[in-house]
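Chain order of the listed sequences is W and Z.
One point on numbering: in this note's numbering, the residue at position 116 of the first sequence is 116, and numbering is uninterrupted.
One point on numbering: in this note's numbering, the residue at position 186 of the second sequence is 449, and numbering is uninterrupted.
Any given hint might turn out to be false.
As the list claims (entries may be wrong) - Reference listing, derived: stretches of chain W covered by chain Z, where coverage requires no fewer than 3 residues with Cβ under 8 Å from a Cβ of chain Z: (1) 139-152; (2) 207-216; (3) 237-244.
Everything labelled a hint here was simulated from the structure, so no lab data went into it.
Quick reminder that beta carbons are idealized off the backbone N, C-alpha and C, glycines included.
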Amino acid sequence: MFGDNTTSNPMLAERSQYAIHQDPEIGQLKAALLKDIQRSVFVYRVDCGGCNGCEIEIFAALTPLFDVERFGIKVVSSPRHADVLVFTGSMTRSMRVPALRAYHAAPDPKICVAYGACGCSGGIFHDLYCVWGGADKVVPVDVYIPGCPPTPAATIYGFAMALGILSQKLKAVHHVQSENEHVLPRHPEIPLILRVEIEREARRMAGYWHGKRIAETFFGLIKGDSQPIEQTVRAYLEQEDDPRLTEIVTRLESIYHAYHGAR
Amino acid sequence: MVIGNETKPKIGQSYVEAVRARFGNSILDETWQAPDQVTLTVSLNCLPDVVEMLYYEQGGWLASVAVNDERPLNGQFAIYYILSVEGNGDEAPPAEKAYVVVHAQIPPHQPEFPAVTPKVPAAIWYEREARDMFGLQPIGLPDQRRLVLPDDWPDNLYPLRKDAMDYRFRPEPTTENETYDFIQVEGEGIVQVPLGPLHITSDEPGHFRLYVDGEHIVDADYRLFYVHRGMEKLAESRMSYDQVTFLADRICGICGYAHNVAYSTSVERALGIEVPERAQFIRTILLEVERLHSHLLNLGLACHFVGFDTGFMQFFRVREKAMKMAELLTGSRKTYGVNLIGGVRRDILKEQRLTTLKLLGELRQEVTTLVNMLLETPHIVQRTQNIGLLEAQVARDYSPVGPTLRGSGFARDIRVIHPYCAYDRVPWTVIAKEGCDVLSRTLIRAEEFFESVSMVERCLDAMPDGPVLTEGFTYKPFQFALGYVEAPRGEDIHWSMLGDNQKIYRWKCRASSYNNWPSLRYMLRGNTISDAPLIVASIDPCYSCTERVTVIDVRKKKATIVPYKEMERYCIERKDSPLK
Numbered sequence: 001m002f003g004d005n006t007t008s009n010p011m012l013a014e015r016s017q018y019a020i021h022q023d024p025e026i027g028q029l030k031a032a033l034l035k036d037i038q039r040s041v042f043v044y045r046v047d048c049g050g051c052n053g054c055e056i057e058i059f060a061a062l063t064p065l066f067d068v069e070r071f072g073i074k075v076v077s078s079p080r081h082a083d084v085l086v087f088t089g090s091m092t093r094s095m096r097v098p099a100l101r102a103y104h105a106a107p108d109p110k111i112c113v114a115y116g117a118c119g120c121s122g123g124i125f126h127d128l129y130c131v132w133g134g135a136d137k138v139v140p141v142d143v144y145i146p147g148c149p150p151t152p153a154a155t156i157y158g159f160a161m162a163l164g165i166l167s168q169k170l171k172a173v174h175h176v177q178s179e180n181e182h183v184l185p186r187h188p189e190i191p192l193i194l195r196v197e198i199e200r201e202a203r204r205m206a207g208y209w210h211g212k213r214i215a216e217t218f219f220g221l222i223k224g225d226s227q228p229i230e231q232t233v234r235a236y237l238e239q240e241d242d243p244r245l246t247e248i249v250t251r252l253e254s255i256y257h258a259y260h261g262a263r
Numbered sequence: 264m265v266i267g268n269e270t271k272p273k274i275g276q277s278y279v280e281a282v283r284a285r286f287g288n289s290i291l292d293e294t295w296q297a298p299d300q301v302t303l304t305v306s307l308n309c310l311p312d313v314v315e316m317l318y319y320e321q322g323g324w325l326a327s328v329a330v331n332d333e334r335p336l337n338g339q340f341a342i343y344y345i346l347s348v349e350g351n352g353d354e355a356p357p358a359e360k361a362y363v364v365v366h367a368q369i370p371p372h373q374p375e376f377p378a379v380t381p382k383v384p385a386a387i388w389y390e391r392e393a394r395d396m397f398g399l400q401p402i403g404l405p406d407q408r409r410l411v412l413p414d415d416w417p418d419n420l421y422p423l424r425k426d427a428m429d430y431r432f433r434p435e436p437t438t439e440n441e442t443y444d445f446i447q448v449e450g451e452g453i454v455q456v457p458l459g460p461l462h463i464t465s466d467e468p469g470h471f472r473l474y475v476d477g478e479h480i481v482d483a484d485y486r487l488f489y490v491h492r493g494m495e496k497l498a499e500s501r502m503s504y505d506q507v508t509f510l511a512d513r514i515c516g517i518c519g520y521a522h523n524v525a526y527s528t529s530v531e532r533a534l535g536i537e538v539p540e541r542a543q544f545i546r547t548i549l550l551e552v553e554r555l556h557s558h559l560l561n562l563g564l565a566c567h568f569v570g571f572d573t574g575f576m577q578f579f580r581v582r583e584k585a586m587k588m589a590e591l592l593t594g595s596r597k598t599y600g601v602n603l604i605g606g607v608r609r610d611i612l613k614e615q616r617l618t619t620l621k622l623l624g625e626l627r628q629e630v631t632t633l634v635n636m637l638l639e640t641p642h643i644v645q646r647t648q649n650i651g652l653l654e655a656q657v658a659r660d661y662s663p664v665g666p667t668l669r670g671s672g673f674a675r676d677i678r679v680i681h682p683y684c685a686y687d688r689v690p691w692t693v694i695a696k697e698g699c700d701v702l703s704r705t706l707i708r709a710e711e712f713f714e715s716v717s718m719v720e721r722c723l724d725a726m727p728d729g730p731v732l733t734e735g736f737t738y739k740p741f742q743f744a745l746g747y748v749e750a751p752r753g754e755d756i757h758w759s760m761l762g763d764n765q766k767i768y769r770w771k772c773r774a775s776s777y778n779n780w781p782s783l784r785y786m787l788r789g790n791t792i793s794d795a796p797l798i799v800a801s802i803d804p805c806y807s808c809t810e811r812v813t814v815i816d817v818r819k820k821k822a823t824i825v826p827y828k829e830m831e832r833y834c835i836e837r838k839d840s841p842l843k
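Here chain W stands alone, though its shape is the one from the complex (with noise of 0.2 Å):
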């Protein structure tokens, strides 16, 4: 719709012109820190606009079960003692200023985090005329933290691989698709309308989640040949005990019998 033009154009503007550029010495001088500071680290928090969620879930990270003080983490109170700052939230317009004001306080130098979805990239708010986007586009930021809200666990990896505490052992796996590759229908041998017509009833009656692992494993019984597929159900609901999988389960079942029947 906006075309080329997006710089020009002052709704799609970017806002990097508002960033602050960073000293490349300053960047020497993070390294240094971060090979200090492993075990001692003070944290920030600086609320750019959020719904309170990630905050939250700061707050859990820092009680009894999760407890990040372990790993010498610890929340202060002011900018002027932090090493690290991190901004939750996506920027809104009215935070912009108090959000430089604690960056210019706190001490260089400093790493910045982007916490959660909305300081990360701005999330659900991202293009909205009070909210500039992510923390990214007021001041420079060293590390990602996403997630709407990140869990407390996935609080302590970012920060852990922030520090360096955790050095990253993921195996990536890159899939390229061969020239006679097709992704498969499932179920080709059950009739399409019939699979349909089971997969809503079973999100209707359950949900999505549940109703996608409960279509899954009745289609799983109704390959089975061996015996009439009643005693199969039968067997299966017994096993499992439970009487609302029985409701559902049964009421897949009569649509699969009407199916049969109809034909």
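Fit chain Z to the given chain W structure using the hints.
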């Protein structure tokens, strides 16, 4: 515009008749959105009188005020004062309880309306917001400051007008300084204590100015809405009906699901969709699970603010069980994302049911121990009793909600007054206290916690069979209705009007804290400065909920030097004046 349920008896007819008897010809129209929801169109001039009569004579509470730009439909702006009318409590048999919406049209060539605030103080924030977002001038409202929009937002640009701007339009920043001017109060013995916008007492940004004489707070002023992003505009510009449920989850990170249910029910009610029974029960269970974690959070923070950090840590340790329960039932710890228009997206099977019941048992036991520990710690009671008093009359004038109101002696809970979901099918009791102080509000949360535990158990036992989702309905343009939920902090009210392009036309969501903030200054006055964070936390404020809209506040800076006497006089005036 009568939608569905025509055969059911109408609740609230007596209020309509009372208004008609008094105002007669000024009542232009009467439409019923649901058996207990009526919208009365009145002439603009008698708007304040009708609202005042319903509020004070018929026992009304101001639930919300929705402003709508209906120029594309009928050439007029519209303003809807939404009142929950409940009688004065002395009727026999008990008065019927209904939502009466007072609606007036405002001509676009003269965008102003008579302010209701001088008669009903509870309308103060809503009318400031109407000016910010729609450019409608409340005549007779003395407070000329912006409420929602940032200070450097351009004048005469009203984001929610349909023809104002694209939702992505971002005016250039005009200044690197914050231009909001608080009242400058100087004088012998008066010290200003700024708190925020970034502070540690609450998580979220909000700027407080406390005016203190020695240790005592003489008055308070606050500038909120740092977190205004513009959700209502987003909902009507970029999102479909089902997508807005996920946006509603993100209104608030703590009580997002309550907003989600309020939004969904408002759309369902506007369309007359019957939500399956089982989905109603699942919604009830999840709403109560959300209350469990929210109340534990607040109890923990109450400990923290009186310097009892052991209690804080203990409550948060136990709270993780509630979080685990949420994860088990919805797939996520926060932002559940479980609702769709017409039902829910996830069922509860045997495994989840049994694990939840086990966790509930553990929670009940552990929280009992903790609450006993809390109350047996003498300084908890000393620090919270008779602190942060919210007098019953102030509460009546400002329509606060939730534990804030119930702590001042009003047993008012939307779950009983306007039952929704499955609340009328499980037995439970409303908790109210007479103390008006921080202690009462804290105790209410503790007792409500146990009510919620029992309620979840009862719902899990009584879950009916059947589907969890209604499908195959079509959206009808320009129908509107209310959705309401008693969130942990009080009622959330959503007013939705459907559009003709698979998007919502206007979505007004009012979070519970929005009604609680204006009465906060009355709670702060007369206390010592060390109690301020405790008092703020006792309304369990939720900044982000409140700040979904835009308000501009250009406060006119007046005399910078005010003698102490002047300040005293000013305080007395402000105390006695219904305006602020």
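Outcome of the hint check:
With a cut-off of 8 Å between beta carbons, the stretch 139-152 of chain W has 3 residues touching chain Z; three or more are needed, and the interface restraint holds. Closer than 8 Å: that is the beta-carbon criterion, and the stretch 207-216 of chain W has 5 residues meeting it against chain Z, so the requirement of 3 holds. Under a criterion of three residues with beta carbons nearer than 8 Å to beta carbons of chain Z, the stated coverage of the stretch 237-244 of chain W is upheld, 5 such residues being counted.
In this structure, every one of the numbered hints holds.
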